[in-house]
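Please put together the full structure from these sequences, using the hints given.
Under full-length UniProt numbering, the sequence shown has 53 at position 53, and the numbering climbs by one with no breaks.
Hint data in this document are derived by calculation from the structure and do not stem from the laboratory.
Any given hint could be a false lead.
What the hints assert, rightly or not - Between beta-carbon pairs, the in silico distance windows are:
1. Arg9 - Trp50: 28 to 38 Å
2. Trp65 - Thr34: 13 to 23 Å
3. Thr30 - Ile73: 29 to 39 Å
4. Arg9 - His72: 24 to 34 Å
5. Pro67 - Arg20: 14 to 24 Å
6. Lys26 - Arg96: 16 to 26 Å
7. Gln49 - Gln29: 28 to 38 Å
Every residue, glycine too, gets a C-beta built ideally from N, C-alpha and C.
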Amino acid sequence: QRYCQDVYRGRLASVHSAARNQELQKLAQTYHITISPWIGAVTSRRAGQWESYWEDSSPWNYANWAPTNPFHIVTTCTTLSVRNGLWRSRFCFQLRPFICQY
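Here it is in structure tokens:
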């Protein structure tokens with residue numbers, strides 16, 4: 001998120017529809033990205049409850065989680081599968097490509 005903000009003056013992508021999810025999946029395929037890129041969803045414990053939210057504070061009105069996701073163990077960030085468009089929880093420190101929006 002910080003690199004996206006500092007270098008590109010953007011934010012990690014938030015996804016609010018199946019159409020947008022597919023658009024981002026195809027965008028990643030266009031650039032021949034083989035490792036699932038980061039999007040802007042985070043899952044963490046807030047006020048005693050696990051909650052997913054967008055880093056840009058936009059409404060949480062769509063999700064496309066893979067089965068058994070999101071994880072409810074530690075705070076996690078989210079990747080978008082280039083292969084099938086499903087979202088997966090990942091440890092936030094992993095180096096991966098990312099989708100930055102403006």
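Consistency of the hints with the structure:
Between arginine 9 and tryptophan 50 the C-beta distance comes to about 31 Å, which sits within the given range of 28 to 38 Å. Separation of tryptophan 65 from threonine 34 is about 21 Å and conforms to the stated range, judged on CB atoms against 13 to 23 Å. For the pair threonine 30 and isoleucine 73, the beta carbons lie near 34 Å from each other, so the given range of 29 to 39 Å is met. At about 33 Å, the beta-carbon gap between arginine 9 and histidine 72 stays in the expected band of 24 to 34 Å.
Roughly 21 Å separates the CB atoms of proline 67 and arginine 20, a value that falls within the hinted 14 to 24 Å. The hinted window of 16 to 26 Å between lysine 26 and arginine 96 holds, with their beta carbons roughly 18 Å apart. Separated by about 35 Å at the C-beta atoms, glutamine 49 and glutamine 29 satisfy the suggested range of 28 to 38 Å.
Going down the numbered hints, you'll see the structure goes against none, and every one checks out.
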